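Given the structure of chain Y, go ahead and fit chain P onto it with the hints provided.
Sequences listed follow chains Y and P, in order. Residue 6 in the working numbering sits at position 6 of the first sequence, and the numbers go up by one each step. Residue 1581 in the working numbering sits at position 581 of the second sequence, and the numbers go up by one each step.
If you're looking for bench data, these hints aren't it; they were derived computationally from the structure. Keep in mind the model is a prediction, meaning the values are calculated, not measured. Fair warning: there could be bad hints in the mix.
[Said to hold, decoys possible] Below, computed lysine-lysine pairings styled on DSS-like, alpha-carbon distance capped at 25 Å:
| id | chain 1 | residue 1 | chain 2 | residue 2 |
| --- | --- | --- | --- | --- |
| 1 | P | Lys1006 | P | Lys1017 |
| 2 | Y | Lys37 | Y | Lys161 |
| 3 | Y | Lys65 | Y | Lys161 |
| 4 | P | Lys1253 | P | Lys1017 |
| 5 | P | Lys1722 | Y | Lys161 |
| 6 | Y | Lys30 | Y | Lys6 |
| 7 | P | Lys1045 | P | Lys1055 |
| 8 | P | Lys1197 | P | Lys1213 |
| 9 | Y | Lys6 | Y | Lys37 |
| 10 | P | Lys1272 | Y | Lys30 |
| 11 | P | Lys1006 | P | Lys1253 |
| 12 | P | Lys1722 | Y | Lys88 |
| 13 | Y | Lys88 | Y | Lys65 |
| 14 | P | Lys1272 | Y | Lys37 |
| 15 | P | Lys1564 | P | Lys1519 |
| 16 | P | Lys1017 | P | Lys1213 |
| 17 | Y | Lys30 | P | Lys1321 |
| 18 | P | Lys1272 | Y | Lys6 |
[Said to hold, decoys possible] A short list of chain P residues far from chain Y (calculated; beta carbon distances all over 10 Å):
| id | residue |
| --- | --- |
| 19 | Trp1011 |
| 20 | Gly1278 |
| 21 | Ala1411 |
[To be verified] Per the computed footprint, the stretches of chain Y lying under chain P, defined by three or more beta-carbons under 8 Å from a beta-carbon of chain P, are:
| id | stretch |
| --- | --- |
| 22 | 1 to 13 |
| 23 | 23 to 37 |
| 24 | 50 to 56 |
| 25 | 91 to 105 |
| 26 | 113 to 123 |
| 27 | 130 to 143 |
Beta carbons are placed, not taken as given, at the ideal position from N, Cα and C, and that holds for glycine.
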Amino acid sequence: MSEITKEILDRMIDGRSSWEELVAVMRADKEPDRFAKYREVLQERATWRDRILLPIALHLCIVQKDDGARVVKCDCGHEFGDYRRNWKLSARVRVRNTKAGIDELYPHPMGCNPEWMELREYFCPGCYTQLDVEAVPPGYPVVFNFLPDLEAFYAEWLGEKI
Amino acid sequence: MDMKSKPPVGWNGTTLKEMLAASERRFADTGHYQGLAELPIADRKPLLFERLHLKLRGALVSAREVARNISASPIVKELGELCFTVFTPEGDSVTLSTGIIVHVHTMSDVVKFMIRNDFEDDPGFAPGDIFCNNDVLAGNVHNCDIHTIIPFFWEGELVSWIAGVTHVPDVGARTPGSSPVGPMSTYDQGLTIPPQKIGENDRVFRAFRDMYKRTSRTPLLLELDEKTRLAGCVMIRQAIENLIREEGIDTYKQFMREAIEQGRRSFIRRVKRMLVPGRYRVPSFCDVPWENERGHLPQAAVNTLMNAPLEFTVNSDGTMKTTLDGASAWGFHTMNCSPSALQGGMWVMMCQSLADAESINDGAYFAMDQHFPRGSWTNPDNPEAGTAHAWHFLWSGLNGLFRFLSHGYHARGFIEEVVAGYGTTTNILYGSGLNMFGEPFAATNMEMTGAGLGARGCRDGLDCSYAMWNPESDIGDIETSWELWEPMLYLGRTVKPNTGGAGKYRGGNALESVRLVWKSQQAVFQHVGHGMVHVNCGLFGGYPSNTGYRRSAHDTDAFELIAKQAPLPTNDHDPEHSQVETMIKGRHIVDDNALTLPEPYSDGDLYVSVIQGGPGLGDPLEREPAAVVKDLAEGHLLPRFAERLYGVIAVQGPDGAWHVDVQATAARRAALRRARAEESVPVAQWLATETPRVQNGELPPWVRRMYQESIRLSTDWGGEFKAFWGIADGSAVYEPAAKK
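Chain Y extracted, bound-state conformation (with noise of 0.2 Å):
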């Protein structure tokens, strides 16, 4: 494959792509420029104005405030807080711990055992997107699952100021 172009991307994003067209970009170089693209693709996407500087999960991203703030913002436009802060503990969340709960999910006996496991299904408050599913003992603590090092990533990955 000659180029991945933001056409490609754009249908990779919504799941789109042929299965040819996918395995060209599975073999293809790991090409340098694919974030730029990526994040223009994704910029261009958004119903917001704010500068993305990370996607972090899907619909979610880091981006800049006009004040400077780095926060965590869904696609729909709801803001979590800064992004050095667990965006869930911002999140709605709906929490699976009885058998009942948990066979919705999975015909039973293919589901966990809810003295043993819990399900925590983590929504966006401005849209009900379902973010983030815990699998996780009742008790433990909510998983911080991706703390970026801005800086260096931008300063010293990229060459690019932020």
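Chain P alone, transformed into the frame defined by chain Y:
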């Protein structure tokens, strides 16, 4: 008295111990393997470098493909559970064949163990010598993986080590099978072969062969596996001899070192290209629910919940730190791991995903710093800790590695490489007794390699085709791999619906099989899976895959049905409306106890084996309704879950075809979003109600014990746990006085 009497066999008159120490010193001083700041062959003569690399790698792959035909074990011959590799004199891997490449690192540890423990003096290293190991304390995952290692000499110097490994079907433990589940310690988990010399002049000592054959339930298969390993090593030795004659010994020596340094640099380049510096937390869990299991000694008859708080830090220089700090304690079972096993497990996963496929060797290992806390299941502080089924914790505990990488890939836009995780290769069927020929048998059915891969960044996961420990998974033919060895007929082997986790992209589904016990005597079989917890986790809003379950039927009318030529169940399909239970009369057992001891089975009994699917990715309400309908048509999804999981209202026409009711689907999805709003609370509110419950330890005893163990073994993890819940130091609930 100085015991050093043999002349050194290292390069330029040095000992191997001196070579290893010098290598480690150069790396510590310079950050480059062997201090190689420049790579004269790789950089200035790239064609020569490629020629050397491809000839060596070709020899290894060729040796594997030829040697596997010596084996009679379906595990090696059909499934390809073997691997060969070449090491430097210090024990660092230069290149490898395909296969169970986890052992490229474990066998590296064995070579270094022999060097550090003065094997150069006793028993010494000479041309034609053969060494063997299966001991995890030296370097291994579990004792059914047996290593054969030979030194390669050129003009009096030990120039390379050549090593091969096969996964044997039975190790003569208290319970049958290759990875026995039932023993409680090292001392009843079967064959242990610490590193030792087992032959000279390319011939294995008869006493060694007699020893292991007397130990295993499958002596002939072990003997042929041993010949497989040695034959492969000798073929590789001949290939290296030819290579040195063609290219020169100095070129070969320099190439080995450059290949590893290039592998290290390549790995770091890939990290910087595809990931983001920062901290990634990807915990996993695993269950051993044995409190009510009769047949265990008291210390083993407990419910154990394993904590694997896996954390990665990608440093700004592209190196990586991994820690399992906070892991729970080792226990009296065979699922404990050695650091060598975990390092090998991480390495095999990195090689499938992040590492450059053409530069796979120990270079990646040199770019990673790893911590496995002493006393935990990741690094037991007691040699009694059993490890024969270390994979049970290993494939659970490392599941998060793909979630870590996928967070990085997703952030950088390499979404074609994103994968939510994998289904662990369970259920495993183990068994023993007398088979259909009236002969003793030991069953290790490895069709569990038909697990599901997790959903990917822009596509569903692979169905029925993934084993994290062997990138070339193969479920084996029913007739030649399994029915030839096990007194059980296959009534069916099909895709199991709903095993893959739900999501915008669903996890790959897995297999299930229904087996009919046939012409057996004194047969016992067991289920080995994860019934209580999901050992993987969805990504970005996807759900984990299925848990395992036990289903069997005893004292059945199966043979009467066969005599009447009546239909038989080919699968269990929907466990809430079981085909087995509907079609077969008898005593049915079904529960979430997926990790049993061997249980007696008689002719006509049925055994159901349900493998694990892969986890899902993304919000299930974002899944294309057409994809849901396709799943219904192809049997990947039970119809009632189309609405529950995906909010898709599908209607089946008179021709049996499924169609989406578009309007009803939109309405149902809107209703499910409203339900999320009504049934969820702000996390702060949930934590306010949860905190006193956790503070007071109002948790099942095995959950509370897991936290106690993690807190005891890690000040950092314990400190974070206590701070999160506002628990004081010295809590009587979580830090009871240490018991001896």
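Consistency of the hints with the structure:
{"no.": "1", "hint": "Lys1006/P x Lys1017/P", "result": "holds, 13 Å"}
{"no.": "2", "hint": "Lys37/Y x Lys161/Y", "result": "holds, 17 Å"}
{"no.": "3", "hint": "Lys65/Y x Lys161/Y", "result": "holds, 15 Å"}
{"no.": "4", "hint": "Lys1253/P x Lys1017/P", "result": "holds, 18 Å"}
{"no.": "5", "hint": "Lys1722/P x Lys161/Y", "result": "violated, 38 Å"}
{"no.": "6", "hint": "Lys30/Y x Lys6/Y", "result": "holds, 15 Å"}
{"no.": "7", "hint": "Lys1045/P x Lys1055/P", "result": "holds, 16 Å"}
{"no.": "8", "hint": "Lys1197/P x Lys1213/P", "result": "holds, 17 Å"}
{"no.": "9", "hint": "Lys6/Y x Lys37/Y", "result": "holds, 6 Å"}
{"no.": "10", "hint": "Lys1272/P x Lys30/Y", "result": "holds, 11 Å"}
{"no.": "11", "hint": "Lys1006/P x Lys1253/P", "result": "holds, 23 Å"}
{"no.": "12", "hint": "Lys1722/P x Lys88/Y", "result": "holds, 19 Å"}
{"no.": "13", "hint": "Lys88/Y x Lys65/Y", "result": "holds, 20 Å"}
{"no.": "14", "hint": "Lys1272/P x Lys37/Y", "result": "holds, 17 Å"}
{"no.": "15", "hint": "Lys1564/P x Lys1519/P", "result": "holds, 19 Å"}
{"no.": "16", "hint": "Lys1017/P x Lys1213/P", "result": "violated, 34 Å"}
{"no.": "17", "hint": "Lys30/Y x Lys1321/P", "result": "holds, 23 Å"}
{"no.": "18", "hint": "Lys1272/P x Lys6/Y", "result": "holds, 22 Å"}
{"no.": "19", "hint": "Trp1011", "result": "holds, 37 Å"}
{"no.": "20", "hint": "Gly1278", "result": "violated, 4 Å"}
{"no.": "21", "hint": "Ala1411", "result": "violated, 5 Å"}
{"no.": "22", "hint": "1 to 13", "result": "holds (count 3)"}
{"no.": "23", "hint": "23 to 37", "result": "holds (count 7)"}
{"no.": "24", "hint": "50 to 56", "result": "holds (count 3)"}
{"no.": "25", "hint": "91 to 105", "result": "holds (count 7)"}
{"no.": "26", "hint": "113 to 123", "result": "holds (count 8)"}
{"no.": "27", "hint": "130 to 143", "result": "holds (count 14)"}
Figure legend: structure checked against the earlier numbered hints; hints not met, in rising order: 5, 16, 20, 21.
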